[in-house]
Amino acid sequence: MYRKVSENRRKQTECDCEAENRVSATDPDCGVNAIVNYTLGEGFGGQTSHFEVRSVTGEVCISGQLDYETRSAYEFPVIATDRGGLSTTGMVKIQLTDVNDNHPIFFPREYNVTLREGDTPHPDTPVVVVAATDRDSARFGRVRYSIEAGNHGNVFRINNDTGEIFVNKPNQLSSRLQPFYRLNVSATDGGGWRSQHDAVVYLSVSDSAVRPPIFERTRYKFSVREDVPSNTVIGAVKATFSDKGVRGAVRYSIYSGDPDRYFTIDPVSGTIRTAALLDHEVHQTVLLNVQALDGNPPTYGHTQVNIAIEDVNDNAPEFDSSTVRLSVAENAGLGVPLYAAQAHDRDSGRNGQLRYRLASPGGGGGGGEGRLFSVDARSGHLTLARHLDYETAQRHTLIVLATDSGDPPLTANLTVLLEVQDVNDNPPVFERAEYTVTGIESQPVNSQVVQVTAIDLDTGNNARLSYRLEAAGGGTAATDVFGMYANSGWVYLRRPLDRESRDVYRLQVTATDNGSPPASASANLTVYVSDANDNDPVFSSESYRFTVEENLPRGAPVGLLMATDRDLGANAALTYSLIPANSSFQVNPTTGEIFTREPLDRETRDMHELVAEARDQGVPSRSARVSVRVLVSDVNDNAPEIVDPQEDVISVREEQPPGTEVVRVRAVDRDHGNNATLTYSIIKGPNTDGHGVFTVDPVTGLIRTRAVLDHEERAIYRIAVKATDNGLPPKDSIRLLRVEVLDLNDNRPTFTSSSLVFKVREDVSIGFVVGNVVTLDGGGSGGGAGGGDRKTGAAGGHVMYTLTSLSPAESAFDMDRSSGALVVARQLDRETRPEHRLEVRALDTSTSSNPQSSAVLVRVDITDVNDNAPRWERDPVVIAVPEDAAVGAAVGNFSATDADAGPNGELRYFLDSVEPENGRSKFAVDRLTGSLTLLEGVDFESVARYTLVVSVKDQAVNESERLTTSLTAVVEVQDTNDNSPEFLAPSDHTIHLGENLEAGATVVRIVAVDRDSEEYGRVTYALTSGNEEGRFTLNHDTGLLTIARPEPLQQQRIYALNVTASDHGNPARQSHCTLQLVFRGSTSTPPRFTQSHYHVNVSEDTVPGTFLLKLTARAHGSDTGTGSNLSYQIPSGIAYDRFTVDPERGAVSLAGTLDRETKDHYLVPVYAVDRTTGQFDSATVSIRVTDVNDHAPEFRPGACYPLVVPENSDLAVVHRITAVDRDAGPNGEVTYSIVAGNAGNKFSVDLHSES
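Letter 413 of the sequence shown, counting from 1, is numbered 413 in the numbering used here, and no numbers are missing.
You may find that some hints are simply not true.
[As the list claims (entries may be wrong)] No farther apart than 25 Å at their CA atoms in a straight line, the calculated lysine-lysine pairs in the PhoX-like style are these:
(1) Lys238 with Lys221
(2) Lys4 with Lys93
(3) Lys1159 with Lys1110
(4) Lys731 with Lys684
(5) Lys722 with Lys684
No lab work stands behind these hints: they were computed from the structure. Just so it is clear, the structure is predicted and the values come from calculations on it, not from any experiment.
Given these sequences and hints, build the entire structure.
Structure (structure tokens):
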């Protein structure tokens, strides 16, 4: 970076660094590795002391006062470093621009000149020269002079550019009129700044008679090389005191102009010599004011000596730093300056003129590279002569020589370390242009689908690739489903797949390198979604209704079930079945066609309720069920049967007008529809004689008289009544009836029918009129009429009705004795008694001597109302499910009953909730059968119990009247032996032991645990190899390894014991570990615990840091309880680091919090190690966590919900509420009570039994 900065730029603060003075480096990495920080480099002669760089922004700021006159240019490196430690270097060059910040300064400030009147100086000869300098440059350093005061009469003039003062009017010089002049001379630079102090020129005019010393010249000029030795003669000045120029006793002195005392003058001879070593670089010229003194009183003469100090080549060129590091892109252009090698030489003229060249023409190639670099001889610009190639050489070392033009020339070296930066000239290339992969739709979110790989021939960041995913052809749907890891090229699943919604995704993967500018390449990715069995079959109808004729032979088609499955292949291959198997029907498992398995009889059963299942062939399989209702259509296979009148003899009173009702004939036909539609007729037969006397209504069966009958003429008529159905062909039945013609004096009441049937809803109120039962004599129709309103009897009122129940239970009806109205006397309940059979007797009360009566049978059918909610046999229920139960298996069945009939009693089952919530996906309940199916595997060690809330709802026609009951089911997962033992101790399987161990000495206690429960989790130990010599014994149950047979050792010996830990499952599961027992030849005895087992109880609310117990071990030769060389240790990770032991005292303390409900028992091995010998012993601490009452009881999810209790219910259990408390013992015993809402104390709850 090259910038020009004015020297008067002030020091910059954090907020005023300018953006244009900023270095910037980019890092194509991601995240933290892309964060770049900037620092100033070192090794540039303190040039960085005036600048600083903001670490984050790269802004180069001024930190000190700049001064162009001190240094006009600065060059320093800025290093950009990323968080990964990689860095690059850039050079910053600051060129100061001069401002007018220096006043002209006179040196010397005072000048003395003696002029003699009458002497006329030459007009072009100055009498004195004043000199001022200005440290600024260019026009700001150019000085102009002027006489400000003391020049009365303009006797003198001054050259504004040179400072030379001339006598302007010599004839006005007079020692008598003005013997003395004092001129004030100012100097002004090009910026208008005036010298702060004027030069003072004293001019004395002497009388012509007075002869002061007169120098031969008013101004002398000498030159001298700066390298002359001290006391070298420079020249001499001469002054005379007579007109003839005779030198007298003149004394010389330098009174000003030599600040560094470079020169001396001989006071007698006027010879000027060097007094010190000269330095052209400090002073190029020295202007001496020399005075000559003579006479008594003395007179003075003055002159100026301008000594030019000539330069010699005594300064070699200098670079600001001996080494420069550059980073150059390999595609840098030819001839473009890469760096300006700028040296400076304090010498002047040719001695300070520099030329640049490279020390090696190859430019760091050092051999066969050819000429890669060149440097401009004058400017020092380093350029490329040939293109760089990063792949050929990543670094070049150049030596730039700066040589001055002196004699002999002097040279300085600059080492340029040039790093070639890789240019992103190679795009990424995918291994394949097309990727095709198949992923199953059931794979979980975040699973990896496929990895695409591209390569880049570049290096570093230019070869570091990042991948991205795009939907082919635009759009975002595919990229919503798939994601891509930018660094690895793995395509992963962001959302669940659904083959049924979309079975192929076409994407484009792009690999982009981190070059600048980045290059990229693309490849096509096609993801085919393979089918998983994730869809249940779906029947084409929510329910099926088929009709089939009765009496058809086996194999008659009934209907076709049709189900579809959105899956593919075996997952969509459906088989059909009936659940449970049915003796009347069968279904083709492939086509779904239902056939009869036997002839059907509609009269026996006119409707069959079936459940059909469609199951796919996936693993695990999925199924759906549907209700199938088969209606058996009627065939005319039953002849009518005349049931009324029940008696063959009927009566009619004589002398009644034609059309009088005699009796109503009623026939029944077990068939249905037209086949049961009957027509009545009276036929003429050989044994009948009433064909022309009576008529019958063909529809109602009502028999009437056609003429007036006379008892005395004929008392009995015989008629044949025929009932014919409308079937094809029709069927009929004939019944012979005898009609008795009653005498007028016969007052017997008569009914038109021998039996009546009424229907009434079970929810009618008491007092509801079911119907009227009247006799012909009662003035009514002689039949039964349904209703709800009371009807009165005949006007005559001579018939009285009575009611008798033919059922053993008390009658729910009553009879109005006068009108014959049948009314409800008690609340009806179809579920208790669906049918009532009654006898109604009519008594003629018109005569008291011989009252006559007749009876009719009445049947009252109670129709259903949805007044019963479904009932569970038990609530709650417990279902045991082995944790290895197969997915898709039926693990239980929910069955409820409903006392209602028809749709009111049809039930559907629903799974309302599952706790914990993640168990919702593990279970399903079949709506038709209530079968509980396992959808996902269960794991006893993860969740041992699930709580399900299952509801059952009846299917009343009016949805608002449907009733629901819920059930709490506890699914207890039964443990299976699916976990192998895991070794916990010892954590280090290499154990060092001493030699002289006695029989029974403890080596180590081995601890293994099994996550299974009970016998499946009980671990026993065995030595399976390595103990062929029988030197060790391993306790089968405790895992304590001891010495069985001591053996003296002369040298170290190692035993490799293979220990097997087995559980008690069937079959058992095992784990193995190998212990390395290293016996060292030693006469020392290992430490021994005073007990091998310790037991302690600790409350679960104990505060960490609490002391639990103290263990004691004895070291060999120690009578104390501890032994000074013993250290107690609990291996890291044991018991989740909840316990700690004091290494010196053996005190075991609690290190973490306890929770009995999470874990109530810990086995902690503790080691006592001899620090001197390394031998140790171990003991086991059994820590039992005791309970505190830190949990409130919790009702199981689904235990509380609204209940529907029918009124007038008997005392019974209406619900079971289940609550649990995670605490143990008395703390976990739960009691129940009702605390609010029990108005009137209608309900009670058992204190302990949940009911």
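Checked hints:
no. : hint                 : result
1   : Lys238 with Lys221   : 13 Å, holds
2   : Lys4 with Lys93      : 8 Å, holds
3   : Lys1159 with Lys1110 : 23 Å, holds
4   : Lys731 with Lys684   : 18 Å, holds
5   : Lys722 with Lys684   : 10 Å, holds
Of the numbered hints given earlier, the model fails none.
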